[in-house]
Amino acid sequence: MNYKTDFDSIVRWIGSLCKSYEVIAPKKESNGDIFYSVIDHSDEVCLDFIGTPINTPKDFIYENYKTLLRWDLAKDEAIIETFKEEPKKRIIFLRNCDIKAIRLLDGWFEKDIADEDYKKFRENLILVTIGCHTIGPFCFCSTFGVDPIEKENYTLQIIKEEAGYILQAKNPTLELPQHLEEVSYQPKELQTVVLDLGCSSNIADFEQNAQMYSEITKRCQLCDGCTFLCPTCTCYDIVDHGDEIKGERLRLWDSCLFSSFTKMAKGYDPEPTFAHSWSRRLSCKLVMNDRSCIGCGRCDMACPSNIGMKSILMLAQYKDRI
Amino acid sequence: MNTQRPIPAVIKNIEHPSKYVKIFTLFPKEPLSFTPGQFLMVSVFPEGEAAFTPCSCIKEDGTFEIAINLVGRLTSKLHSMKVGDIIGIRGGYGKGFSIKKAVNSSNITIIAGGIGIAPLRFLIQELLKYHDRPHINIIYSANKASKFLFLEDLRSWQNEKEIDLYLAAVEVDAEWNGYIGRSTDMIEKLKNIDGSSSFFVCGPPPMFPHIIEKLKQFPVDEKNIFFTLERNMRCGIGKCGHCYMGDIRLCVDGPVMSISDIKKHHLVVFRECEPFMSRYRK
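Those protein sequence lines, which keep their order, are chains A and B.
Start counting the first sequence at 0; every next residue gets the next number (numbering that gives the first Met the number 0).
Start counting the second sequence at 0; every next residue gets the next number (numbering that gives the first Met the number 0).
Derived from the structure by calculation, the hints contain no laboratory data.
Check each hint, because a few of them may be wrong.
[Stated by the list, open to error] Per label pair, the in silico range of CB-to-CB distance:
id, chain 1, residue 1, chain 2, residue 2, range
1, B, Arg270, A, Glu80, 49 to 55 Å
2, A, Phe82, B, Val9, 23 to 29 Å
3, B, Phe275, A, Gln190, 49 to 55 Å
4, A, Gly144, B, Glu161, 55 to 61 Å
Owing to the predicted nature of the structure, the values given are computational and were not obtained by experimental measurement.
Just so it is clear, CB atoms sit at the ideal spot from N, CA and C, and this is done for glycine as well.
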């Protein structure tokens, strides 16, 4: 069903949702930047931005610096305990590319030995799609088969149109906004740039792509913006804080580009050079794990050296023009 | 239940059989289960966690053994611990040795290099429980004769029928009157190796290419040669990404892998590098 509505009724609707859910939605900061944030006042919500927010939904569903457990060995009965967190009921308003990212995270955390915390959290999360009305400068999601406006796979989708907003609903579990006017609606055909992925099959081979890898390794500043801002990067490290008696264990985001990522206790590093690390990153994003790049362009936005995934694909495509 | 919560375990006994190796007898306070070749994540608070392979099954009194080689920060902390101290354990994780495949093969060869004997000792203990098991060849090499571990087991295996034990020490030692050389030299001495013989190898990664080369002289099926590989493992449950090797995660798809799987995934088991000396060793 398609309904016509306006921004004010959406704001009132989100306000009523805030009473029984924690609502996470794009919010405009004072300098104009858009961030996914927990919404306290429903008029903070911003739905008419271009491209993607700067941060990713993984900030909320796969937190950095998460405490995994505490130990207290002082007493006779040694205690190693995890936190019993009651998962909150949450609604998250997000771009279609970020929804694909969450589906990829679902696959990752639920395969083999499932991460119980993630599973419990995910069961209490409702996703609402914000369709794009204009293509952002870094977007290339169509390359990976993501539609800027979702055609089929949504329960609720909000799309900004020239006059007001369109709300699309398919068996929603949520109560809909008031004052809705049912309309017939055909979303406009939006498509980002589509890059050729043909080159990606051998992109991990840094001997065949020597020129590209020398360019990448020369430029990369190891700031790690690309991995921390990637909605599908899931690598983490585990660190203990405390002493022999009492302390807690934290989960920190990690990056496969860091030099000690694969290094073993004695000092032997099975992936010894920077090119090895980059080849791993590219094959993880473009070949393995069902191609975990979603084309959101955040790495291109964050990279100080212009070697985000979009730039690299273009680099691989037009080798002769480097 | 949190998947990454370790079980408290008490150190019941510590043996010190060689300069840098200690064998800890641990008593887990909650139920734990693992098979030979699987690894455990051992937590030493507050140094963190690392992967180790147990060297015995869980005995009737609820204890099991684990051999720890002093290498880095965590193992040096572990070596400083005393009987009664508490560490954390979780596991067993990964794919271990296939005992079914071993007992159904025409003969079994076990090749251990240095501390690599630890998981293989557990495997041998399990194989000895089968009365109709095939003939077992055990090849065990160490840098020095003083570095041989589990001397009592070696003696009992020597007396066992249907077991051939080949020992080799790399360096000349006054007390050692056995073979001087590497484990790979012993492979040539093996008898009756055919297409259904099985091989189980654990040792330092530089050993693997030499063993693959030596085994080419026998008509062995690559599906029956198993290596225990190692990587820097952090979570043990296939999520943290640290133990990647090509397109696999070793903590889930390994650590025991057959040569045919290693070739299928184009894995590089060892890259040549400068030898390292641990700064934690004195």
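Going down the list of hints, with the structure as the test:
1. Arg270(B) with Glu80(A): 49 to 55 Å: violated, 41 Å
2. Phe82(A) with Val9(B): 23 to 29 Å: With Cβ atoms ~25 Å apart, the hint holds.
3. Phe275(B) with Gln190(A): 49 to 55 Å: holds, 52 Å
4. Gly144(A) with Glu161(B): 55 to 61 Å: holds, 59 Å
Of the hints listed earlier, the one the structure fails to meet is number 1.
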